[in-house]
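> We have chain Z already, so just place chain F on it with the hints.
These are the residues of each chain, in order.
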Amino acid sequence: NAGVTQTPKFQVLKTGQSMTLQCAQDMNHEYMSWYRQDPGMGLRLIHYSVGAGITDQGEVPNGYNVSRSTTEDFPLRLLSAAPSQTSVYFCASSYSGRGIYEQYFGPGTRLTVT
Amino acid sequence: EDKVVQSPLSLVVHEGDTVTLNCSYEVTNFRSLLWYKQEKKAPTFLFMLTSSGIEKKSGRLSSILDKKELFSILNITATQTGDSAVYLCAVYIIQGAQKLVFGQGTRLTINP
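Quick mapping for you: the protein sequence lines, in order, are chains Z and F.
Numbering-wise, the numbering used here puts 2 at position 2 of the first sequence, and it's gapless, one number per residue.
Numbering-wise, the numbering used here puts 1102 at position 102 of the second sequence, and it's gapless, one number per residue.
Just so you know, these hints were derived from the structure itself, not from any lab.
Wrong hints could be hidden among the right ones.
Short derived list, chain Z residues pointing at chain F, Cβ under 10 Å [to be verified]:
| # | residue |
| --- | --- |
| 1 | V50 |
| 2 | S94 |
| 3 | E102 |
| 4 | Q103 |
| 5 | Y104 |
| 6 | G106 |
Examples of chain Z residues lying across from chain F (beta carbon under 8 Å, computed) [what the hints assert, rightly or not]:
| # | residue |
| --- | --- |
| 7 | E30 |
| 8 | Y31 |
| 9 | G40 |
| 10 | L43 |
| 11 | Y48 |
| 12 | G58 |
| 13 | F90 |
| 14 | F105 |
| 15 | G108 |
Since we're looking at a predicted model, the values are computed, not measured.
Just so you know, even glycine gets a beta-carbon here, dropped at the ideal spot from N, CA and C.
Looking at chain F on its own, in the form it has when it is part of the complex:
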């Protein structure tokens, strides 16, 4: 059974802190790993990672994939209250047709 596990499930930090969110996976027919940010409503796309060891960056957010150890991390530096959200990790697989398998999400709360 395809499985994506995120940790921690919940994290509370102060503004300005740096956080690391984790995502591990056990799937067949891996194609890529994706990170989404979900605030009040629908998830919005952050990153897609396909190759090991290549960091993707967008402002204060960065992410990297390790295909040997089957995990990814999402780093957020100098956190702001606007970073408070649920962060979802998903793995894109092809088994006949294309599918996204999601982890449970990490709820990040940034306190001022």
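Pulled out of the complex, with its shape left as it was, chain Z reads as follows:
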């Protein structure tokens, strides 16, 4: 099993550009989520999904879109990047039924918006 994979590892965008951060898992997990991590802020939940076709907002959803068309994939879209979105982004997944505490995190994407 590859676990949770994220691409790209690093990305630099100009303000106003759009991009999609990819996240995939091969563990058949129902629950998937996106977090951003900024210095001194811990991890903050952006969006999450409890299964294919179902998504919901977390703490800091503004400026981000998600969709979940398959169990395996949960892409995060930035429609018009802003410098405030410079951060490290983590995707995570778990079995819903056992509680999301057993979350498996991807390696992260470091995004810089200039």
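This is chain F only, laid out in the frame that chain Z set:
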């Protein structure tokens, strides 16, 4: 608003010292409290605490939860340089759906 606060934010000690990291929380629909260790990349799971007063141990690490006073501590005894990391506390809540609310993290540095 759900809130998880960790202290101290940063701690530097010498190898062999014992450290205590703190986590307090104010949330609705508390289910459990979790500790993670984050080195260079993704957080890795350490402990989950659900009941008050029951210590969880793993080697030199231990943790306990106080649901009356709404806090948890993570102890590391006989620290080693490999314990240097950011330690994250998170609270698992259910508000419609399940969520983890994270604290800011404590950056622990162990000097040889």
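> Hint by hint, note whether the structure agrees.
A quick look at each hint next to the structure:
Using the Cβ-Cβ criterion of 10 Å, the hint placing V50 of chain Z at the interface with chain F is satisfied: the shortest such distance is roughly 6 Å. For the restraint placing S94 of chain Z at the interface with chain F, the shortest Cβ-Cβ distance is roughly 9 Å, inside the 10 Å limit, so the hint holds. Interface restraint check for E102 of chain Z: the shortest CB-CB distance to chain F comes to about 7 Å, inside 10 Å, so the restraint holds. A least Cβ separation of about 7 Å between Q103 of chain Z and chain F falls short of the 10 Å threshold, and the interface hint therefore holds.
Because the smallest distance between the Cβ of Y104 of chain Z and any Cβ of chain F comes to about 8 Å, under 10 Å, the interface hint for this residue holds. Hint on G106 of chain Z holds. Least Cβ distance to chain F is approximately 6 Å, under the 10 Å limit. Residue-level restraint check for E30 of chain Z is violated (minimum Cβ-Cβ distance to chain F is 11 Å; threshold 8 Å). The restraint placing Y31 of chain Z at the interface with chain F holds, with a minimum CB-CB distance near 7 Å, inside the 8 Å limit.
The criterion of a C-beta within 8 Å of any C-beta in chain F is met by G40 of chain Z, whose closest approach is roughly 6 Å, and the hint holds. Among the interface hints, the one on L43 of chain Z holds; its C-beta lies about 4 Å from the nearest C-beta in chain F, closer than the 8 Å criterion. The interface hint given for Y48 of chain Z is met, as the beta carbon of that residue sits about 7 Å from the closest beta carbon of chain F, less than 8 Å. Interface hint status for G58 of chain Z: upheld, as the beta-carbon distance to the closest one in chain F is roughly 7 Å, under 8 Å.
For the restraint placing F90 of chain Z at the interface with chain F, the shortest Cβ-Cβ distance is roughly 6 Å, inside the 8 Å limit, so the hint holds. A distance limit of 8 Å between C-beta atoms decides the matter here; for F105 of chain Z the minimum to chain F is near 4 Å, and the interface restraint holds. Against a cut-off of 8 Å between C-beta atoms, the interface hint on G108 of chain Z holds, since the closest Cβ of chain F lies about 6 Å away.
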